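S.K.: Sequence:
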Amino acid sequence: MAPYISLATSLLVGLLTVGADAAFKPPINNTLEPGVETECKTCPYSLCTNKAFYEYDTQVTLVCWTRGTVIDGDATWLRTSDNCYVTQYDLVEYSGEYETDLSYCGKASEEKHLTYDEATVKYDSECNICPDNASCETIKYQKPGTDLTVTCWTDDGEAVIDDTTWVKTTDNCYVNQIHLEEPADKDILDNCGPIGFLQVNYTDTQAAPVEADELIQKPASGQTKIKGASWSHVQQRAASPEPEPVPLPAPLAEASAELHKRYLINITVGEDYAFCHQKPVGTSKVMKKYEFGTGVWMQCYESTDSTVANESYWYKTTDFCYVREVDFFESLFDQYRFPACSLFE
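Counting along the sequence shown from 1, when you hit position 233 you're at 1274 in this note's numbering, and nothing is skipped either side.
Treat the hints as calculated values from the structure; they're not laboratory data. Keep in mind it's a predicted model, so treat the numbers as computed, not measured. You may find that some hints are simply not true.
Simulated DEER-style distance windows between Cβ atoms [unchecked claim]:
{"#": "1", "residue 1": "Asp1226", "residue 2": "Ser1347", "range": "37 to 45 Å"}
{"#": "2", "residue 1": "Asp1226", "residue 2": "Ser1325", "range": "33 to 41 Å"}
{"#": "3", "residue 1": "Glu1312", "residue 2": "Lys1227", "range": "50 to 58 Å"}
Every residue, glycine too, gets a C-beta built ideally from N, C-alpha and C.
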């Protein structure tokens, strides 16, 4: 009986939203586009938190339509019987018109309900489409000192130095909080909700201008609620050609097909001393020295054209200086798919 109760409740909510004077049209069943997994959001905008995550071939019951983030030129979003919203782009093509065959969800459905907080990047970091360094595609590379606006948090991401908390930014991607100056403020931010494995959709995703938006502060919790008109005013991820891959050094390229990105990474000094230079060159000023057996955290690698022996590859540490690859017991190229420092410039 539970599914029927849920559907009946959703229909009742839709009817109350539209208004008692309007005839609420019957729901429509559809299925996710083959090969598509998607998030069902608490409001019809890409930055909204998730109420559900639909896997391949999920059948959904569509209750009503509304407007939100413009995706591939279309602002139509659909409320499902789970009382959350999906874009029609993620569904099998419908032969009719949702705006005609379903009732409008009501003006209240177009409001944005988002929480915001400010954050600053501490270490070179990737912002990924989902909270995982191993398999989720990178949307942005962010260097230290970059100011971010974050909208929600999750504890269900891949661990980075035993920390599984990630935050979602207004670039619609996730950063592990260990890369930030301060951890996520869970008293201010909403939880992101269920998140699955996502892939980048290289279609146009844009935000149309909005009139008369207002910020409503909540002093008690520090939350900020955005009440908007019909369109999202937050710039979403736009379609663009996939970036050209950065050439990998020979030892890394050889193993890259089998390895995963995992960083920050701790490796061990294998010489009496490992000198950490201001720049990736042996004649540069020494900023710090690490003794034999010391574990050092690494951010990225630098490949140079140096003809000096053992100065071709350098590692940038969390002390923001560079150590030669040969000064460690382990080589990152043997174990990890590790990012080039140039990606964060």
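S.K.: A separate judgement is required for each hint: does it hold in the structure or not?
M.R.: Verification of the supplied hints:
| no. | hint | result |
| --- | --- | --- |
| 1 | Asp1226 - Ser1347: 37 to 45 Å | holds, 44 Å |
| 2 | Asp1226 - Ser1325: 33 to 41 Å | holds, 38 Å |
| 3 | Glu1312 - Lys1227: 50 to 58 Å | violated, 42 Å |
Comparing the model with each numbered hint stated earlier shows that hint 3 is the single one that does not hold.
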